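Participant: Given chain G's structure and the hints, the job is docking chain V onto it.
Listed in order, the protein sequences are those of chains G and V. Whatever position you read off the first sequence (first residue = 1), add 133 for my numbering. Whatever position you read off the second sequence (first residue = 1), add 133 for my numbering.
Since the hints were made in silico from the structure, they are not lab data. Honestly, I wouldn't trust all of these hints.
If several chains are the same, the list does not tell them apart, and a pair holds so long as it fits within one copy or across any two.
What the hints assert, rightly or not - Calculated pairs, SDA-like style, for lysine to any residue (alpha carbon to alpha carbon, straight line, at most 25 Å):
| # | residue 1 | residue 2 |
| --- | --- | --- |
| 1 | 326 | 214 |
| 2 | 448 | 240 |
| 3 | 282 | 320 |
| 4 | 351 | 276 |
| 5 | 139 | 273 |
| 6 | 455 | 439 |
| 7 | 244 | 429 |
| 8 | 157 | 433 |
| 9 | 230 | 327 |
| 10 | 425 | 236 |
| 11 | 244 | 147 |
| 12 | 157 | 344 |
| 13 | 282 | 310 |
| 14 | 345 | 380 |
| 15 | 275 | 452 |
| 16 | 373 | 392 |
| 17 | 157 | 233 |
This one's a predicted model, so the numbers in the text were calculated from it and none came from an experiment.
Below are the chains, spelled out letter by letter.
There are 2 protein chains.
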Amino acid sequence: MASNIKVGIVGYGNLGRGVEKAIKQNPDIELSAIFSRRHPNEVAAANGVVHISEVENYKGKIDVLILCGGSATDLPEQGPELAALFNTVDSFDTHAKIPDYFEQVNAAAQKGGNVSVISTGWDPGLFSLNRLLAQAVLPEGKEYTFWGKGVSQGHSDAIRRVPGVKNGVQYTIPIESAVERVRNGENPELSTKEKHLRECYVVAEEGADLAKIEREIKEMPNYFSDYLTTVNFISEEELKQNHSAMPHGGNVLRSGRTGENNTQIIEFSLKLDSNPEFTASVLVAYARAVYKLSQSGQTGAKTVFDIPFGLLSPKSPEQLRKELL
Amino acid sequence: MASNIKVGIVGYGNLGRGVEKAIKQNPDIELSAIFSRRHPNEVAAANGVVHISEVENYKGKIDVLILCGGSATDLPEQGPELAALFNTVDSFDTHAKIPDYFEQVNAAAQKGGNVSVISTGWDPGLFSLNRLLAQAVLPEGKEYTFWGKGVSQGHSDAIRRVPGVKNGVQYTIPIESAVERVRNGENPELSTKEKHLRECYVVAEEGADLAKIEREIKEMPNYFSDYLTTVNFISEEELKQNHSAMPHGGNVLRSGRTGENNTQIIEFSLKLDSNPEFTASVLVAYARAVYKLSQSGQTGAKTVFDIPFGLLSPKSPEQLRKELL
Numbered sequence: 134m135a136s137n138i139k140v141g142i143v144g145y146g147n148l149g150r151g152v153e154k155a156i157k158q159n160p161d162i163e164l165s166a167i168f169s170r171r172h173p174n175e176v177a178a179a180n181g182v183v184h185i186s187e188v189e190n191y192k193g194k195i196d197v198l199i200l201c202g203g204s205a206t207d208l209p210e211q212g213p214e215l216a217a218l219f220n221t222v223d224s225f226d227t228h229a230k231i232p233d234y235f236e237q238v239n240a241a242a243q244k245g246g247n248v249s250v251i252s253t254g255w256d257p258g259l260f261s262l263n264r265l266l267a268q269a270v271l272p273e274g275k276e277y278t279f280w281g282k283g284v285s286q287g288h289s290d291a292i293r294r295v296p297g298v299k300n301g302v303q304y305t306i307p308i309e310s311a312v313e314r315v316r317n318g319e320n321p322e323l324s325t326k327e328k329h330l331r332e333c334y335v336v337a338e339e340g341a342d343l344a345k346i347e348r349e350i351k352e353m354p355n356y357f358s359d360y361l362t363t364v365n366f367i368s369e370e371e372l373k374q375n376h377s378a379m380p381h382g383g384n385v386l387r388s389g390r391t392g393e394n395n396t397q398i399i400e401f402s403l404k405l406d407s408n409p410e411f412t413a414s415v416l417v418a419y420a421r422a423v424y425k426l427s428q429s430g431q432t433g434a435k436t437v438f439d440i441p442f443g444l445l446s447p448k449s450p451e452q453l454r455k456e457l458l
Numbered sequence: 134m135a136s137n138i139k140v141g142i143v144g145y146g147n148l149g150r151g152v153e154k155a156i157k158q159n160p161d162i163e164l165s166a167i168f169s170r171r172h173p174n175e176v177a178a179a180n181g182v183v184h185i186s187e188v189e190n191y192k193g194k195i196d197v198l199i200l201c202g203g204s205a206t207d208l209p210e211q212g213p214e215l216a217a218l219f220n221t222v223d224s225f226d227t228h229a230k231i232p233d234y235f236e237q238v239n240a241a242a243q244k245g246g247n248v249s250v251i252s253t254g255w256d257p258g259l260f261s262l263n264r265l266l267a268q269a270v271l272p273e274g275k276e277y278t279f280w281g282k283g284v285s286q287g288h289s290d291a292i293r294r295v296p297g298v299k300n301g302v303q304y305t306i307p308i309e310s311a312v313e314r315v316r317n318g319e320n321p322e323l324s325t326k327e328k329h330l331r332e333c334y335v336v337a338e339e340g341a342d343l344a345k346i347e348r349e350i351k352e353m354p355n356y357f358s359d360y361l362t363t364v365n366f367i368s369e370e371e372l373k374q375n376h377s378a379m380p381h382g383g384n385v386l387r388s389g390r391t392g393e394n395n396t397q398i399i400e401f402s403l404k405l406d407s408n409p410e411f412t413a414s415v416l417v418a419y420a421r422a423v424y425k426l427s428q429s430g431q432t433g434a435k436t437v438f439d440i441p442f443g444l445l446s447p448k449s450p451e452q453l454r455k456e457l458l
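Pulled out of the complex, with its shape left as it was, chain G reads as follows (with noise of 0.2 Å):
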């Protein structure tokens, strides 16, 4: 029997934590190491935490490393310096530099002869993939993407960032009518407004002008002005007891025509109860992938288009061929 795939795991906060309880999950991968650039006193972890300058003397023992860090700050340096030194997948998600990050890591990779993947996860990711098939199988068509019910980052950033509000949590909530208007082949034009709505929990400091908290949130440009927006008051207490989970989802779809006038609609959709663990889920099965194409001789970086969905599976391809075709 092979051995099993070592996996590190670079970064340990919500998306690390999720790729060590999904390595639980595969008994063909194992962890060998939690990496942090955090003292390792500092950090709580089952198998001990190693401090991110020594990476370099895990060379030969971690057959992938898994990046947990952000796309803002950690990945554009990480990314490319430890492709240098290990197979890695990462989860960079900031659209419009793909292109020049997907170059970085692979000139790196390529260098030290191993394989990067690079933004995985579900979206980038899942829903790339998604839309590529759709765009391929049905070149006539028009594609839609909705997101959520799921805690949007940066909105709820942005709310805490208005004077007199001490937390809060916003929600992008997916129009249904919408959704179902593209189910039924209507080929909708669909405004920002029309597809999806805004809530926000906000915690307000003691003596607050809550009218004026309010009518902040619904008027912020970019964020909440295109939007149907709510605004809900509640308790610290509430926000943590009711709106700590981390859930998200979301839709893509193509409504394609096909012959004289067939509608042909393509729908992929998530409802997750963790974001964090299922990126993390991803991450993991991806570097089941990395970690068969770099034992086949490949080398640089790669993305979901390019990696065969067989080698995200432990099982063989006879086995494949066998049971799931």
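Facilitator: For chain V alone, coordinates are given in the frame of chain G:
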């Protein structure tokens, strides 16, 4: 600019005509010839039809043959035979025989230096891909497939074999409340009867005993006795007018668990006005992938599990990363 991909169609039934239409939606693909076992004069086709016995003369002039014959008798012969001469794509769907068929086509394609994608379409095909993906991402979970609403050819044939039946069509209908239970993360155990209904539209011969026909259909083992089946008697005209279309579709769902107890639902669904036109569109996208694989020097049989989605698209890897990731 690269020259177009030259495609030949083998078999000119519903699927073959669907491929002819799908090719028109893909500017990088052109139709070279349609091959049929029937005498060319008997077949009405815009591009003219060539007798299948002449296919060998097209070697070097056609990049990919799309095999549109049936799985019962056509493909088991044509698949290996033509894979020795051309790159091919087919929709072989006799599940139990896929491993054998793969081996035969693989041997022929290797020998001929060609690439053959077998068993693509939507099920097997896109549904298989989603089963694999969901299982790889959520190893702990339960998988559900619902089919329909759509015409089942096998069940329609079974109706037509009942004495006193002149014509008939059978729709497989997923039970929406069961689909909803899966979407809600209930992980239900669903019996055959709880997943699908069978709706029959029957044209009886004059003077036939309708009650007897209805009973014989509903009690037919394997086909109907395990299901809630409805039988509607209609006229031949009504059958032609309202039941000649070939809609289909379905849902592949996986309800998984991650971490402590988080439910994660992945769903892929299709809602198709025309089953053969959609299957044809999938075959054409895979013909593009076959061409690219062949150009890159690969040979042998492949399945959808072996093909990166990037190869399905006419766009370059750079374009895909920029536009779709």
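Participant: All the hints need checking, so say for each whether the structure fits it.
Facilitator: Okay, the hints, checked on the actual structure:
1. Taking identical chains as interchangeable, the C-alpha atoms of residue 326 and residue 214 are never at most 25 Å apart, the minima being 41 Å within one chain and 56 Å between chains.
2. Taking the shortest Cα distances, residue 448 and residue 240 sit within 25 Å of each other only across copies (22 Å), while inside one copy they are farther apart (31 Å).
3. In this assembly of identical chains, the alpha carbons of residue 282 and residue 320 lie at most 25 Å apart whether taken from the same copy (22 Å) or from different copies (21 Å).
4. For the identical chains of this complex, residue 351 and residue 276 are neighbours neither inside a copy (28 Å) nor across copies (42 Å), given an alpha-carbon limit of 25 Å.
5. Taking identical chains as interchangeable, the C-alpha atoms of residue 139 and residue 273 lie at most 25 Å apart only when they sit on different chains, with a minimum of 21 Å there against 44 Å within one chain.
6. Taking the shortest Cα distances, residue 455 and residue 439 sit within 25 Å of each other both inside one copy (24 Å) and across copies (14 Å).
7. For the homomeric pair residue 244 and residue 429, the shortest alpha-carbon distances inside one copy (17 Å) and between copies (23 Å) are both at most 25 Å.
8. In this assembly of identical chains, the alpha carbons of residue 157 and residue 433 never lie at most 25 Å apart, being 28 Å within a copy and 36 Å across copies at closest.
9. For the homomeric pair residue 230 and residue 327, neither the shortest alpha-carbon distance inside one copy (28 Å) nor that between copies (48 Å) is at most 25 Å.
10. Proximity of residue 425 to residue 236 under the C-alpha cut-off of 25 Å is found in both arrangements, the shortest distances being 22 Å within a copy and 23 Å between copies.
11. Taking the shortest Cα distances, residue 244 and residue 147 never come within 25 Å of each other, neither inside one copy (31 Å) nor across copies (51 Å).
12. Taking identical chains as interchangeable, the C-alpha atoms of residue 157 and residue 344 are never at most 25 Å apart, the minima being 48 Å within one chain and 58 Å between chains.
13. In this assembly of identical chains, the alpha carbons of residue 282 and residue 310 lie at most 25 Å apart whether taken from the same copy (14 Å) or from different copies (21 Å).
14. In this assembly of identical chains, the alpha carbons of residue 345 and residue 380 never lie at most 25 Å apart, being 29 Å within a copy and 54 Å across copies at closest.
15. Within a single copy, residue 275 and residue 452 get their C-alpha atoms only as close as 36 Å, which misses the 25 Å cut-off; across copies the closest is 19 Å, which meets it.
16. When the C-alpha separation of residue 373 and residue 392 is checked against a cutoff of 25 Å, the pair qualifies only between copies, where the shortest distance is 20 Å, while the shortest distance within a copy is 54 Å.
17. Taking the shortest Cα distances, residue 157 and residue 233 never come within 25 Å of each other, neither inside one copy (34 Å) nor across copies (35 Å).
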